[in-house]
Each structure stands twice: as structure tokens, then as C-alpha cells.
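If you're matching them up, the sequences are chains A and B in order. First residue of the first sequence: 1, per this note's numbering; consecutive thereafter. First residue of the second sequence: 1, per this note's numbering; consecutive thereafter.
Everything labelled a hint here was simulated from the structure, so no lab data went into it.
For chains that are exact copies, the list does not tell them apart, and a pair is met inside one copy or across any two.
Straight line, CA to CA, 25 Å or less: simulated PhoX-like cross-link-like pairs of lysine-lysine:
no., residue 1, residue 2
1, K144, K114
2, K157, K180
3, K165, K180
4, K48, K19
5, K157, K266
6, K155, K207
7, K107, K144
This one's a predicted model, so the numbers in the text were calculated from it and none came from an experiment.
There are 2 protein chains.
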Amino acid sequence: MAKFEITMLGCGSGIPTAKHMTSAQIVNINERLFLVDCGEGTQTQIWKYRVKLTNLDAIFISHMHGDHFFGLIPLLSSIGLMLARTEDLHIYMPIVMVEPIQYDLDKYCYLPYKVILHGIDTTAREVLYENSTMTVESIPLEHKTPCMGFLFKEKPKANILLPEKCKEYGINCTEFRKIKEGADYITPDGRTIPNSELTKPSDYIPKSYAYCSDTSYCPALAEQIHGVDLLYHEATFVESEKDMAATAGHSTASQAADIALRANAKQLAIGHYSIRYNDEDELLAEAKSVFSNTVATQEGMVISI
Amino acid sequence: MAKFEITMLGCGSGIPTAKHMTSAQIVNINERLFLVDCGEGTQTQIWKYRVKLTNLDAIFISHMHGDHFFGLIPLLSSIGLMLARTEDLHIYMPIVMVEPIQYDLDKYCYLPYKVILHGIDTTAREVLYENSTMTVESIPLEHKTPCMGFLFKEKPKANILLPEKCKEYGINCTEFRKIKEGADYITPDGRTIPNSELTKPSDYIPKSYAYCSDTSYCPALAEQIHGVDLLYHEATFVESEKDMAATAGHSTASQAADIALRANAKQLAIGHYSIRYNDEDELLAEAKSVFSNTVATQEGMVISI
Chain A
1 MAKFEITMLG CGSGIPTAKH MTSAQIVNIN ERLFLVDCGE GTQTQIWKYR VKLTNLDAIF
61 ISHMHGDHFF GLIPLLSSIG LMLARTEDLH IYMPIVMVEP IQYDLDKYCY LPYKVILHGI
121 DTTAREVLYE NSTMTVESIP LEHKTPCMGF LFKEKPKANI LLPEKCKEYG INCTEFRKIK
181 EGADYITPDG RTIPNSELTK PSDYIPKSYA YCSDTSYCPA LAEQIHGVDL LYHEATFVES
241 EKDMAATAGH STASQAADIA LRANAKQLAI GHYSIRYNDE DELLAEAKSV FSNTVATQEG
301 MVISI
Chain B
1 MAKFEITMLG CGSGIPTAKH MTSAQIVNIN ERLFLVDCGE GTQTQIWKYR VKLTNLDAIF
61 ISHMHGDHFF GLIPLLSSIG LMLARTEDLH IYMPIVMVEP IQYDLDKYCY LPYKVILHGI
121 DTTAREVLYE NSTMTVESIP LEHKTPCMGF LFKEKPKANI LLPEKCKEYG INCTEFRKIK
181 EGADYITPDG RTIPNSELTK PSDYIPKSYA YCSDTSYCPA LAEQIHGVDL LYHEATFVES
241 EKDMAATAGH STASQAADIA LRANAKQLAI GHYSIRYNDE DELLAEAKSV FSNTVATQEG
301 MVISI
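Turn these sequences into a full structure, and let the hints guide you.
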């Protein structure tokens, strides 16, 4: 079975504390790694939880608030020092961040690899990253500064060849790849055999993960992530502080659960807890009362899809 | 007795690891706090060791390598968020750092207090900070980038009044402060009573602490810190790697101890350990063989002078 798992590195908000580090996650899809957000101390969490950064494919930063990126320059610096990476590293971030991050790179870092910063228009939905098996799309979010979420989505698997049919038409194995990708087959005497006769669709259901932080309550978001297997949605406050949440551009645990419900998500993971809470009991109970399959993320937690 | 203690927050070098955080120390002199260097995660260490930052007087940054300042912007940001400081905060750093740090402050921070960056010529010895009881002087160091150490020094205590002499000359108590500060006394009939007749020198020996990191072996340094009560000197490598130390602008444990010996320091604290060492046994043994009163710093260690 294909690996698709998320390691939580930081589940708090605002500042790192004894209980929670600030936002960072590793998304591992078949041993290709993606870092989502990078609060201060993310590299320490990466070493602590033995994440192997040699397979780091790309980094995605949601917005320019310190608790989501203060660990980026230190991490890039350490990757150069420790891993002697030489491969280019692509980082996707709101347009507004590109100039200052490039400035810091130029001033503070001496890297043996090239960092390519992609400035993203956070108001548009677009495919940021694509490889042969998956895509990462941006999700416009509503926050106090340009902000986006990220949708990690496997591609549908290729059709499955029907071997007895291929044999029947005497098809050479050199044709198989094209047919799996959807091509019809032309027999030596010029007849067209439609693809649907030679293959059946894969019954594999592509998996998907949506990271939505930071954002105020935004019901329209549900459409963008409809049917997602796992939704990470910020739940900075409890519902009784929803006015404060709205003012600060954040969501409550109930609101996060409401989005999961509307999106018909299979599972909800909450995080980005305000430092005012001693634990997550109330936030979790509140979310579960709306959407039962909810988990309160903790540092080191790994969720497999 | 006056408080003069140093809390070690980060004793490693290069990158923060599971064993050691990067450079940072708190110098507490009579509950006025000074932060020296600020590697990534310094704020987490500050909260962990329950340092009360409300009394933070000033910050000193030795040089522009990430393991000595990557935690600065995050810390300044958190001080604004958590402590609601309104008082100006003065930070002393090599001239070359002022422009980029000011840039980062402008781009990333929204502070309710003013940060004043002082760009220091690291090739000159100068008094950076002074209050009624102490001074902080820069110490030129030899490193691969402009770098300075810091000498924290109590001022000599005022002379002690001789009460029977004051009584004999009928001196009013309103004159006492001036006399303690060294003034002679003029009697109502115009006679001058020399200060030496009215006071005796305090027998209090002012304490001092020198922070020297990062630096290559530099025997001339000993003169600058002669007689210091406690010397923190980097000991990145063991003596068998002294060539590498020299190339990298660092010192060995033996060299650190040699400086302590030449400076006639009372105690040596070593740190800034290379990540290549699993523990500090060899570094400490090596330093002790040259200068016995040596301690290997660890995070959370507090040294009182």
C-alpha cells in the first residue's frame, strides 16, 4: 500500500512553549518528503523525530507570520551544513515573502545548493507542485495577511490491462504502457480496438490531505477540499471566544469541525492551539461534538492515510 | 552579597541538536538581565529555565553566524507578544549586522517597544553599556567574520565613611554622598579636610565575567581579560584537531585553558562544542590538564560568581 503519512512537528500558535512548538508538519508520500510551514525550532523537531531530510522534495509556507516560518532560514542553513545537499530546493510561499526571504538567504546563508523561491498569489487556486504520482494545490485562506493552505492529492492510478484481451489481439508488450495510459490499439490490419475493451479502471482511490492554517471560519473552503481523507484545520480558540477568533483571523474548534462536516472529510485533525489553553480537552470535545472523527494533534504524532 | 550569575542556555555549535542548543546565555547582575548571543530556540530555553525576561536590560550579539543569532528576531517578536514590553531595548552587535537585523525587524515584527541596534566596531575595545554599578566592554576576537566577546565588570564600590571622623568635623549627612564619591570636605571656616581622612576604601572586590566565543586561539586575549573571575571560552575541538580549529576560526579545549591560565582567571567554563563529540569528557579532561578549575557547560547550568 502506498505510504501517505503526516508527522506533526509543531501544534501550537504564536510562540513556542514547553508544551507546543509552532507550526510545522512533514508530509511523506512514498518516501518523498514535503515540509509544510516551519516555525522556530522545526529543525530540532525534525532531528528529534528522526525525519530523514535527504528525501525532502519541497517546502510550502502558508503565510508570513513568525510562528509559521521563523525556523526556515535556520533549517535551510543546517541542511547545507549537515546534509551537504546539492540538489535544488523549491519553496512555495506568498508573493510578499519572496523578497525578504531571499534577502535573508543572501545575508545569512552559505549554501551548497540552490534555493528557488516561488511567490504564490494566495487568492487563486493553483497547482504548485506536480510529480508522476501526485500534486500539491494551493487553497486560498482568509487571514490577516496573505495566506494559503495546501491540498496534497495522489493522481488516479493508470488503468489495469486485461491480459486475456491483449493476448487475444496479439498485442506486443511494447504497446502496454500507451494502452495503460488510455490509448486505443490499432491492429496490424488497421482495426481500432477501443481502450475500454483492453483495460479496466483501477479501483485504487487516490488519497488526499488538506492543510488549512491559519484561517478565519470560511464555509466556502469546504467546497475546495470536498471529500478529502484528512483535513488539518486550525482550531486556535474555543467557540465561546469566536469573536476574538474572527478578529484575529482564526477559527474555533467548532468551526474547524463544521468545515470538516461540510467538506465530507473522512478525518479531522485540529491544531494551532492558543497558548491560553493548558490542554486540548475542551477544544477536542467541542470539535468532536460536531464531527466525531477528530483528533487533537500533538508533536510527534503520525497520521497515516 | 551581590548576585552575579550566568545561566547557560545553549552550549553547542553549528546547529541545535538533541544534546545541545546553540549559543545563548543570561547574565544576571543583581536582577538586571543581559542576554548574550541568541541561537535558534533561545526563547524556548528561556521559558524552560524560567528566566524572567521582564528585567531584560540589553542584548549582546557576538557575530553574524546563525548559531549565535537565529533566535533573535523570534525572541524580540515573542517579547512583544508575551510580555507587552514598552521600554526601549538596546542590542549591541557587529556593525555588519545592523542593516539586515533592522530589515528583518521592519519586515517581520510588530513590536509595542522600540529596538535600538548599536553597530559596534569589533576591532576596538570599548565600553558598550554602563549603569551605576557595572559596565560591559567589547573584547575584539579573531574569527572568520567580525566578532567580539563581552566583559561584564562590576564597578568598584564607593569608599566607606568613617562615622567618628564625620562626627568630629560636625559634617551634615547631606554631604555624605559626595564624600563617599571621593570629595574632600570644606569646613564652615574654610579648612579642607582631605577625603582620605574621612573615608576608607571599600574592601569589596568587583566581580567580572568574560564571554569569548567564537575565536581562534589568540594569546593576546589574555591581557584583555586579566584577572577575570569567570572566563567562558569556546572549546569547539580537541587539541588533536587544532589545525581544523585554526582553519575554522575556532579553539581547542587546551587552547581555551591556556588562555584562562595566561589571564589568571579564577574559573574557566568551556562550551560551543562541535556536534562531532558525543559528550564533553575528552574536551573537559583536556582543558583540566592545563587549567584545573574548569567546568564543561551544559544547558540549564547556573554559575555564580
